[in-house]
Every structure is written in C-alpha cells, then in structure tokens.
Amino acid sequence: MTTTSPRKRRTKDSVTTDRYARMLLIRELETEAERQYKLARIGGYCHLSSGQEAITIAAADALEPDDVLVTGYRSHGFALARGVSPEAVMAELFGRRSGCAHGRGGSMHLLDVERRYFGGWGIVAGQLPIATGLALSLVRRGSEQAVLCELGDGAVNMGAWHEALNLAGLWHLPVVFLIVNNEYGMGTSVQRASAEPELYRRAAAFRIHGERVDGDDLEASLETCQRLLDLARRERRPAVLEALTYRYRGHSVADAGLAYRTREEIARHEAADPLKRARAALLDQGVGEDELEAIERQARERVEAAVEYALADPEPEVSELAVGMHAPGSAEQFERMRPGSPFGELELTFGAGLGR
Amino acid sequence: MTYREALRLALREELARDERVFVMGEEVGVFDGAYKVTAGLLDEFGPDRVRDTPISEEGFVGAGVGAAMLGERPVVEIMTLNFLLVAMDQVVNHAAKIGAMFGGQVRCPLVIRTPNGAGNQLTAQHSQSFDQYFAHVPGLKVVAPATPADAKGLLKSAIRDDDPVLVLENLRIYTEKGEVPLDPEHLTPIGRARVARQGRDLTIVAHSYAVVRALAVAEKLARERGLEAEVIDLRSLRPLDMETVAASVAKTNRALCVEEGWPTYGVTAELAARVQHACFDDLDAPVERLGMAEVPLPYAKSLETAALPNEARLERAALATLELVPA
Ligand SMILES: Cc1ncc(C[n+]2csc(CCOP(=O)(O)OP(=O)(O)O)c2C)c(N)n1
Ligand SMILES: [Mg+2]
Numbered sequence: 001m002t003t004t005s006p007r008k009r010r011t012k013d014s015v016t017t018d019r020y021a022r023m024l025l026i027r028e029l030e031t032e033a034e035r036q037y038k039l040a041r042i043g044g045y046c047h048l049s050s051g052q053e054a055i056t057i058a059a060a061d062a063l064e065p066d067d068v069l070v071t072g073y074r075s076h077g078f079a080l081a082r083g084v085s086p087e088a089v090m091a092e093l094f095g096r097r098s099g100c101a102h103g104r105g106g107s108m109h110l111l112d113v114e115r116r117y118f119g120g121w122g123i124v125a126g127q128l129p130i131a132t133g134l135a136l137s138l139v140r141r142g143s144e145q146a147v148l149c150e151l152g153d154g155a156v157n158m159g160a161w162h163e164a165l166n167l168a169g170l171w172h173l174p175v176v177f178l179i180v181n182n183e184y185g186m187g188t189s190v191q192r193a194s195a196e197p198e199l200y201r202r203a204a205a206f207r208i209h210g211e212r213v214d215g216d217d218l219e220a221s222l223e224t225c226q227r228l229l230d231l232a233r234r235e236r237r238p239a240v241l242e243a244l245t246y247r248y249r250g251h252s253v254a255d256a257g258l259a260y261r262t263r264e265e266i267a268r269h270e271a272a273d274p275l276k277r278a279r280a281a282l283l284d285q286g287v288g289e290d291e292l293e294a295i296e297r298q299a300r301e302r303v304e305a306a307v308e309y310a311l312a313d314p315e316p317e318v319s320e321l322a323v324g325m326h327a328p329g330s331a332e333q334f335e336r337m338r339p340g341s342p343f344g345e346l347e348l349t350f351g352a353g354l355g356r
Numbered sequence: 001m002t003y004r005e006a007l008r009l010a011l012r013e014e015l016a017r018d019e020r021v022f023v024m025g026e027e028v029g030v031f032d033g034a035y036k037v038t039a040g041l042l043d044e045f046g047p048d049r050v051r052d053t054p055i056s057e058e059g060f061v062g063a064g065v066g067a068a069m070l071g072e073r074p075v076v077e078i079m080t081l082n083f084l085l086v087a088m089d090q091v092v093n094h095a096a097k098i099g100a101m102f103g104g105q106v107r108c109p110l111v112i113r114t115p116n117g118a119g120n121q122l123t124a125q126h127s128q129s130f131d132q133y134f135a136h137v138p139g140l141k142v143v144a145p146a147t148p149a150d151a152k153g154l155l156k157s158a159i160r161d162d163d164p165v166l167v168l169e170n171l172r173i174y175t176e177k178g179e180v181p182l183d184p185e186h187l188t189p190i191g192r193a194r195v196a197r198q199g200r201d202l203t204i205v206a207h208s209y210a211v212v213r214a215l216a217v218a219e220k221l222a223r224e225r226g227l228e229a230e231v232i233d234l235r236s237l238r239p240l241d242m243e244t245v246a247a248s249v250a251k252t253n254r255a256l257c258v259e260e261g262w263p264t265y266g267v268t269a270e271l272a273a274r275v276q277h278a279c280f281d282d283l284d285a286p287v288e289r290l291g292m293a294e295v296p297l298p299y300a301k302s303l304e305t306a307a308l309p310n311e312a313r314l315e316r317a318a319l320a321t322l323e324l325v326p327a
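Quick note, the sequences are listed as chains A and B, same order. Residue 1 is where the first sequence starts when you use our numbering, and the numbers rise one by one after that. Residue 1 is where the second sequence starts when you use our numbering, and the numbers rise one by one after that.
Keep in mind the hints are simulated off the structure, nothing from the lab. C-beta: ideal position from N, C-alpha, C; glycine also. Misleading hints may appear alongside valid ones.
Examples of chain A residues lying across from chain B (beta carbon under 8 Å, computed) [stated by the list, open to error]:
1. Ile130
2. Leu275
3. Ala327
Here are the simulated DSSO-like cross-link-like pairs (lysine-lysine), alpha carbons at most 30 Å apart as the crow flies [claimed, not checked]:
4. B/Lys177 - B/Lys36
5. B/Lys177 - A/Lys276
6. A/Lys38 - A/Lys276
7. B/Lys251 - B/Lys301
8. B/Lys97 - A/Lys38
9. B/Lys97 - B/Lys220
10. B/Lys36 - B/Lys301
11. B/Lys177 - B/Lys301
12. B/Lys251 - A/Lys38
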C-alpha cells in the first residue's frame, strides 16, 4: 500500500479559479450557516466542513456525472461540490419547500437524485453497506461507473466498515471509500479511537488498495481521486483513500471545539489553510489579485442571495407531513387499518403519506 | 437540581460505593459526555472507571455484557437511543437471554443508559422513541424516569439490579428541575408507577417526557374547564405496574394513554390492551391513545411540531376521551 504512483497525471493547472471559487463558496456557506443557526433559522444538528474544502472539491471533480456519491452527515460541502445550488442547500437548512430534501431532511440529509448524490446519512458508517449496494447495482447493469462513499475517521471503528469492505473486496465492487480524516470524531482523536491510526492501512485486511493523501492539497487530492475512481471504473477494484485534513469548527455548531484540542493546534492548521494554498498557487500562475478579490466577493454575494432565497421560500404544509413515505398505490393497502387507529394516524398520516 | 445533575449524582454515588461499577461510552470522559451527564467524572474517578470508547456500539455494548457476566457492573452510555439499534443484537439476543438460556447460572448486571426523544429538529434518524422495541423483550428491564428524583432513584436501582436494565432518559427533560433526595440509599423501586397528579375525571397514563406534557395539559384542563385528570407516571415499562393504572381507571372510568413514540404496536397499544382487560366493567368510553404521527420525523419545525404528541393534540385527545369533542 503505497502513497506514490508512477502514473501520476498531475496537471499544473488543476488549481483553477473555478475550483478556488467553489472552495470559497463552501467556506462562505458554512460561515453563514453558523450565523443563521445562531439566529435560530437553522435547527437540529449542523456540522460544518470549514477546512475540508480541498478534498471535497477534488472528490466531486473526480466524479463523472453518472458516478454515484454517498456521504455522511457533514454534507453541505459535498452537496455544493456536486453542483447542488446554494439556494437548494440553504433552503434545506431553513427547512423550506424548495430545499434539496423538500425541508424534510435538514443539514444531515442533503441529496440530489439527478446528480446521483444519494444522501446525506446520519448514523455513523450507515452509508458504507449502502455504498456496496449502489456499486453492486452498477455492476449488475454493466455500467462502467463507480461509487464514491465519504466517511469520517470515526466510522472505521464500526462493524459496518468491516462488513462493507469485505463485501467490496470479495465482490470486486467499483467503490472508493473516502475517509475524510479531520483528526477527530467529536472530541476523540484518531489516536484515541483507532488501534491502527494509519487508517488507510486497514484496507489491507481485505486485500483492498489503501492510500493516503494530503487532503488539503487540491492538486494531489484530485490526482489521487481520479486515479482510484478510474481503477474502480475500469478494473472494478475498490479502494480506501484516507485524506488528511482538519475541521476548524466544533463537531457541530453546538460544540465550541476547544475542550479536546488547543487553539494553537487550530491555528497551525489554519496557517496551512487549503484556501490560502490554492490562492497562493493561483497568484503563482499569474492570476491577478483583482480577479481573486472579485471571486471572493462573488462567493459572499452568492451566499447572501441564497439566504434571501431561503427566507422567501415557504415552509412545507402540515397536510403534507408524510408525503413520500410510501410508494404510489399504498393507500389501498392501508385503507382497512383505519377503524380504531389512534389519533396520530387519523389526523396526520393517512391521506398524505400513502402515495396518493 | 436538574434531571441531568441527578443522573450525574447517581453515577458518582454508585462509582464511589462499588468498585465493580464503571462507566463507558462515546465521549463520556474527555468531552464530559455528549449531553454532559458524565461531566467531571473522569477527573474524579480516572480513565479505568470512566472509559472513552470509539464509535463502536455493538462492540462496547457487547463488552459490557461480557464484563457483567464476570460480575462487573458496567454502566454503558449510548449517546442517544437511535444508536442503540446498531447494538440491538447484543441487547436483545445476548444480554436479555443470559439469565434464562443458561438456566439461571449466569447473570448480566448491565446498565445501558441513553437519552431519546424528539423536538429539536434532529430529523428522522435522530428523533426516535424506540421504548417498546426493548420493553417487548423478556429478560430485559426498561425504566424511564420523568423527574429528577426518579432519574437518580431509578438509575441507582438499575445499577444495583442483577439483570440488564435499560434506562431511558429524555433530551427534553435534562434541564427540568426538581427536588432530589440526597440520601445515597434512597432508591426508586423498579416496577412501581407513581400517581403524578390526582384527579377523578380521566386517567392519563404516560412515561418519560409525555408525563411532563400530560401534567401541563391536566393543569390547563383544571384551570379552564374544571376537569380533573389523574396522571400516572409509569416510571417502569418492563416490569409494568398495572395495579396502579387499573386502580386509577377504576376511579375515573376513562383512560388516555400517551407516548412520545409511534403508537402502532407501541407502549400505548400494550396499555390499552391491558386496561380493557383489567377494567372492562369500569370503562365508560374506549381507551384512547396518542403518540407521534406515524411518519419518520421531518426536519422543518412546523412539521415536527405537528407530528409530536404536543400539548394541543394531547388536550384534544383528553377531551375526546371525555366525549366532549369527537375522536
Ligand atoms: C452509530 C452512531 N453512533 C454515534 C453517533 C453520534 N455521532 C455523530 S457524529 C460522531 C462523530 C463522527 O466522527 P467522524 O466519523 O470522524 O466524522 P466527522 O464528524 O469528523 O466528520 C458521533 C459519535 C452516530 N451518529 N451514529
Ligand atoms: Mg472526523
């Protein structure tokens, strides 16, 4: 299991103004989400990905349109990177109708079926076995696409990780498990949680390729994601990619994020911020300061517009409480359950959730 | 003292009293607990007694089962009830089986404590009350304190009990305050319900946060309509104190059963079945029940509020049980 490959296709120009703009959009949206949370316009759990933008954009850009993406709950960045509009993301965070989950899912359960982003899952490692099933379907249909499954460093200690990796290895499934190693699962560092803290090595137990990359290096991350997804697509070889990065904010907006790490540690990471690195690379390439400032202004404006949009968007109707719960045709199956139903069903569920 | 502080006091007292007791779970140590129940205990008792675990519920619940089989008294914290599902097999098919399957030769004095409940827009995967999944299982005991005093008294009883006990806490009650007996030997017995409010017109049977809601609605009914609801706080789901429930219904002749979870095949279903059997001749109206709307809980605030057995719905259900409004 190595970290370098002879077949590198590093292109000098993988750090583009477009990618920089999209990384910035993520950062700005996260910063705004925290503000809006404190204004009580966003509720529930709200996990920010500030600091993790490079690997997020790299992973999304290594995906082809017909590849499939599935992630955990720290999903705002992945949604944006996959092309979901900031309006659809913000409206979801506000619990509004035109949110990407129609106001039903909130921060943890973003998705976009058209862009083949199948969620946004909240139970640690729950998305891993699902990823193997998504990949199995691709194989059964003879498709030459792959699945990218994001997970946190904390997820590798769940039983589901072991089971999913074994299936992927055994059945030669086209899936890349991307561990976003941001050093902590809540307040527990990787060192304190994992008997083998070099997480990519754990792939070896399943004879799956494992590899580590600096997830704050956009160019290296993009190259690695592309290479591993290519292998999955062309040779049906699954892989584990461990991307080293860092989350600046607390585990969720409710966590100050200082009880288990020092300000110095955070500052050290901020000094090597992926956005700063990308910006410096662009300046090196001869992109003008003016152009970069314009990009930065646009990102802020874009997020402000998303907030305006979300504020104006209506909340879902209570009569639509259970919409989507069951498939069309289910109403008939349930119709004889009504006599004696307790209030909950009588008032709210029947009618709306049975696929009428 | 708050409900949260009462739980912490129970843990501290039992850790100090009995060397065999130890606490383990995700973030219980360095982080002071995801919901701060275990705050300060790591400093006081050290990392052997207050053990941080990786995110491995099946693993450390099972470790609790094994340690308990050799006579330890593990108190396993599950961050929220939702995550106990990934350890369901260890609870239902292992811990619960030990006493009977081995002919009473091995015991499993394990405590699992975990908050559940909805109301903070945590959405479908994080807003659930699976109380009945566990109360359904022979071999388990399930308690659900609704007050700070019972939080302390029931957790202590659970720790001293020789069987596996699930202690269901509730996120919404953590900040509720109340009198808590400071005597370290004061226990709340398992299997005994409590008459939380006296009344003659209607019995509302509830547990956990639903008790708080029921008491609020009972006060409102008394204030605005002169109706006196009796509120029974079950405190324990398995064993279930039907004696207290039946005595109340014999007096009021009407019963409304409330729970935070889905009512279909739920705690209220069990109660309704037992009440109609125990109180058939006493009942003046069908037993009614109320719970969460039968849907995975949505995120949007308005939808979430509408789906929960909120006070407005509870009041309507009470009036329907009294045949003052149509059901
Ligand atoms: C099975 C399960 N246990 C516990 C939790 C609570 N929880 C949510 S996120 C989290 C930490 C996960 O850390 P990591 O995998 O590193 O992802 P990160 O938050 O750093 O992105 C925990 C313990 C959960 N959601 N699911
Ligand atoms: Mg992490």
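Evaluation of the provided hints:
no., hint, result
1, Ile130, "violated (13 Å)"
2, Leu275, "violated (29 Å)"
3, Ala327, "violated (15 Å)"
4, B/Lys177 - B/Lys36, "holds (16 Å)"
5, B/Lys177 - A/Lys276, "violated (49 Å)"
6, A/Lys38 - A/Lys276, "holds (27 Å)"
7, B/Lys251 - B/Lys301, "violated (39 Å)"
8, B/Lys97 - A/Lys38, "violated (47 Å)"
9, B/Lys97 - B/Lys220, "violated (45 Å)"
10, B/Lys36 - B/Lys301, "holds (25 Å)"
11, B/Lys177 - B/Lys301, "holds (26 Å)"
12, B/Lys251 - A/Lys38, "violated (49 Å)"
In this structure, the earlier hints numbered 1, 2, 3, 5, 7, 8, 9 and 12 are contradicted, and the remaining ones agree with it.
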